[in-house]
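Participant: Numbering follows the numbering used here, with no gaps: position 188 of the sequence shown is 342.
Some hints here could point you the wrong way.
Said to hold, decoys possible - Pairwise CB distance ranges (calculated): (1) 194 to 460: 17 to 25 Å; (2) 312 to 443: 32 to 40 Å; (3) 204 to 486: 38 to 46 Å; (4) 160 to 507: 40 to 48 Å.
Unchecked claim - Straight line, CA to CA, 25 Å or less: simulated DSS-like cross-link-like pairs of lysine-lysine: (5) 219 to 196; (6) 359 to 388; (7) 263 to 219; (8) 263 to 329; (9) 298 to 329; (10) 287 to 298; (11) 287 to 259; (12) 259 to 484; (13) 263 to 484; (14) 484 to 298; (15) 359 to 329; (16) 329 to 287; (17) 167 to 196; (18) 263 to 287; (19) 219 to 259; (20) 484 to 287; (21) 259 to 329; (22) 359 to 392.
Think of the hints as simulated: they come from the structure by calculation, not from any bench.
Treat the numbers as computed from the prediction; the structure is a model and nothing was measured.
Don't be surprised by glycine CBs; every beta carbon is placed ideally from N, CA and C.
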Amino acid sequence: MLRSMYSGISGMKNFQTKLDVIGNNIANVNTYGFKKGRVTFKDAMSQTISGALSAQGNRGGVNPKQVGLGSQVATIDTIHTEASMQSTGRSLDLAINGDGYFVFKEGDKYLYSRAGNFYLDEYGTLVNSDGYKVQAFDPNGELKDVTVNVNAVMPYVQTTSISLSGNLSSSAGDKFIYSQQFEVVDVTGNSHRVNLYFVHNRDEKKWDVYFTDPSTIDTDAVDPAFTIDFNGNKPVVKDKNDDTISTVDLNGNPIVTIDLPLTDINGTLENITLNLGGLTYVAGTNDALAIPDGNTEGQLESFNIGSRGEINGIYSNGLVSVLGYLAIAKFSNSSGLQSTGGNLFQATVNSGDANIGIAGDGRGSIVTERLEMSNVDLSEEFTEMIVAQRGFQANTRIITTSDEILQELVNLKR
Numbered sequence: 155m156l157r158s159m160y161s162g163i164s165g166m167k168n169f170q171t172k173l174d175v176i177g178n179n180i181a182n183v184n185t186y187g188f189k190k191g192r193v194t195f196k197d198a199m200s201q202t203i204s205g206a207l208s209a210q211g212n213r214g215g216v217n218p219k220q221v222g223l224g225s226q227v228a229t230i231d232t233i234h235t236e237a238s239m240q241s242t243g244r245s246l247d248l249a250i251n252g253d254g255y256f257v258f259k260e261g262d263k264y265l266y267s268r269a270g271n272f273y274l275d276e277y278g279t280l281v282n283s284d285g286y287k288v289q290a291f292d293p294n295g296e297l298k299d300v301t302v303n304v305n306a307v308m309p310y311v312q313t314t315s316i317s318l319s320g321n322l323s324s325s326a327g328d329k330f331i332y333s334q335q336f337e338v339v340d341v342t343g344n345s346h347r348v349n350l351y352f353v354h355n356r357d358e359k360k361w362d363v364y365f366t367d368p369s370t371i372d373t374d375a376v377d378p379a380f381t382i383d384f385n386g387n388k389p390v391v392k393d394k395n396d397d398t399i400s401t402v403d404l405n406g407n408p409i410v411t412i413d414l415p416l417t418d419i420n421g422t423l424e425n426i427t428l429n430l431g432g433l434t435y436v437a438g439t440n441d442a443l444a445i446p447d448g449n450t451e452g453q454l455e456s457f458n459i460g461s462r463g464e465i466n467g468i469y470s471n472g473l474v475s476v477l478g479y480l481a482i483a484k485f486s487n488s489s490g491l492q493s494t495g496g497n498l499f500q501a502t503v504n505s506g507d508a509n510i511g512i513a514g515d516g517r518g519s520i521v522t523e524r525l526e527m528s529n530v531d532l533s534e535e536f537t538e539m540i541v542a543q544r545g546f547q548a549n550t551r552i553i554t555t556s557d558e559i560l561q562e563l564v565n566l567k568r
C-alpha cells in the first residue's frame, strides 16, 4: 500500500484536532478568564532508504535518503497570556492585573482560576459560580475560606493612651491659645469628648496645657494641668513646681501618666499614658494632633476589597478592620496546568507546586469591579481555521490521488 495514503490520514487527523481546538476557542470567546488553546505539529517517523556515507578517497560524502511517514500532534498548549479587562461596576467582580491565579478549595483539593466573578452564599462565604470556596489568608496568616459575617460586631476598647504628634509652633505669640478636641472611651464603652488647650509661653519655650478654656479663666491664678518644656532636645513634661514628671519609653519617647477630665460628665479617665514623642517645636503652623487609642462598639456595615486583596470590613464606629487577604497562586510553569472545566485549573507534576501568597508580593494586583475577558482573538482564530481547513482538504487530495494510483495498478491485470 502507498505510504502517501497513511501520511494523508495522519495529516487529516492532526488538522481535525486543530479544528477541534479552534472551535473550542471560538465557543469561549466571551468566557471570563478563559485561556485559548494552540496545536503544534511535528513529523512522525521516517523510513530510511539509505544511510549517510562519509567521504572516501576521491569521492565525497552522500546524504541519507529518507521518506517521511506523516505528522503527529506535538503539543496542545494553553496560552496563559493576560487579556483585557471589562468594567462591570460590581464590587465582587475582581481581576488580576499581572501574574497569578485565584485559589479555590474543593474538599482537600485546590483549584485555580483567572475568573473573578465571586458571590456570597447563605453563610457569607465567598464562592465562585460553582460554589467553590475562595481562599484567603486570615490576620494570623492561615489559609482559610473567606467569610463575611454581616452580623459581626467589633467590641469596644477602653482608651489607655494618647499620642501627641505634629508641631507646636515656636513662632506663635506669647499667650497664644491652640486647642484640640478628641474623643475617648471609658471602661463601659461609652464615648466622651475631651478639650485640650495649649497656651504658649514664648520666653520660656513652653506650652502650658489646660483642660478648661484659658480664655474663660485667670491663667495667672489657675495652674495648668502640666507644662510641655521644649528647652532640651526632646520635650519634657513638668508640673506646677517646674519639676519634671515625664519619663521615656523603650524607644526614647517622653511619656507621662495623667488623669483626663471628661467634658460631658463630672468624671475623669484615670491613668492615661500621654506620649509626646511625635511633638516638634519649630517655626511654622500649629498642627499638633491628639490621637487616642480605643474605640466604641461597632456593627459591620459593608466591606470592600483593595488592590493587595485585603478584605476590609467597615464598621458603624467608623473603623476599618482587615478580615483577610485574598490568596494568589503562582506557578513555575503555568502552561503545565491542567484544565478541569468551569474556568478552573489544577496543578500537575509539570506545572510545579503552587506558590501561594498575597497580591503585590511578586504577583499581580487586584482590580475591583473588573473581570478579565477571554484572550481569544477572533481574527486570529478564523485565520487559523482557514489554514486548518485547507490543510485538511490538501490531505484528502493525497488520499484520493493515492487511490487513483492504486486503481491504475489494479487495472494492469486487465
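Participant: Are the hints correct? Go through all of them and say.
Facilitator: Here is what the structure says about each hint:
no.: 1; hint: 194 to 460: 17 to 25 Å; verdict: violated (41 Å)
no.: 2; hint: 312 to 443: 32 to 40 Å; verdict: violated (21 Å)
no.: 3; hint: 204 to 486: 38 to 46 Å; verdict: holds (45 Å)
no.: 4; hint: 160 to 507: 40 to 48 Å; verdict: holds (42 Å)
no.: 5; hint: 219 to 196; verdict: holds (19 Å)
no.: 6; hint: 359 to 388; verdict: holds (12 Å)
no.: 7; hint: 263 to 219; verdict: violated (53 Å)
no.: 8; hint: 263 to 329; verdict: violated (71 Å)
no.: 9; hint: 298 to 329; verdict: violated (58 Å)
no.: 10; hint: 287 to 298; verdict: holds (9 Å)
no.: 11; hint: 287 to 259; verdict: holds (5 Å)
no.: 12; hint: 259 to 484; verdict: holds (16 Å)
no.: 13; hint: 263 to 484; verdict: holds (16 Å)
no.: 14; hint: 484 to 298; verdict: holds (18 Å)
no.: 15; hint: 359 to 329; verdict: holds (12 Å)
no.: 16; hint: 329 to 287; verdict: violated (63 Å)
no.: 17; hint: 167 to 196; verdict: holds (13 Å)
no.: 18; hint: 263 to 287; verdict: holds (11 Å)
no.: 19; hint: 219 to 259; verdict: violated (56 Å)
no.: 20; hint: 484 to 287; verdict: holds (18 Å)
no.: 21; hint: 259 to 329; verdict: violated (66 Å)
no.: 22; hint: 359 to 392; verdict: holds (13 Å)
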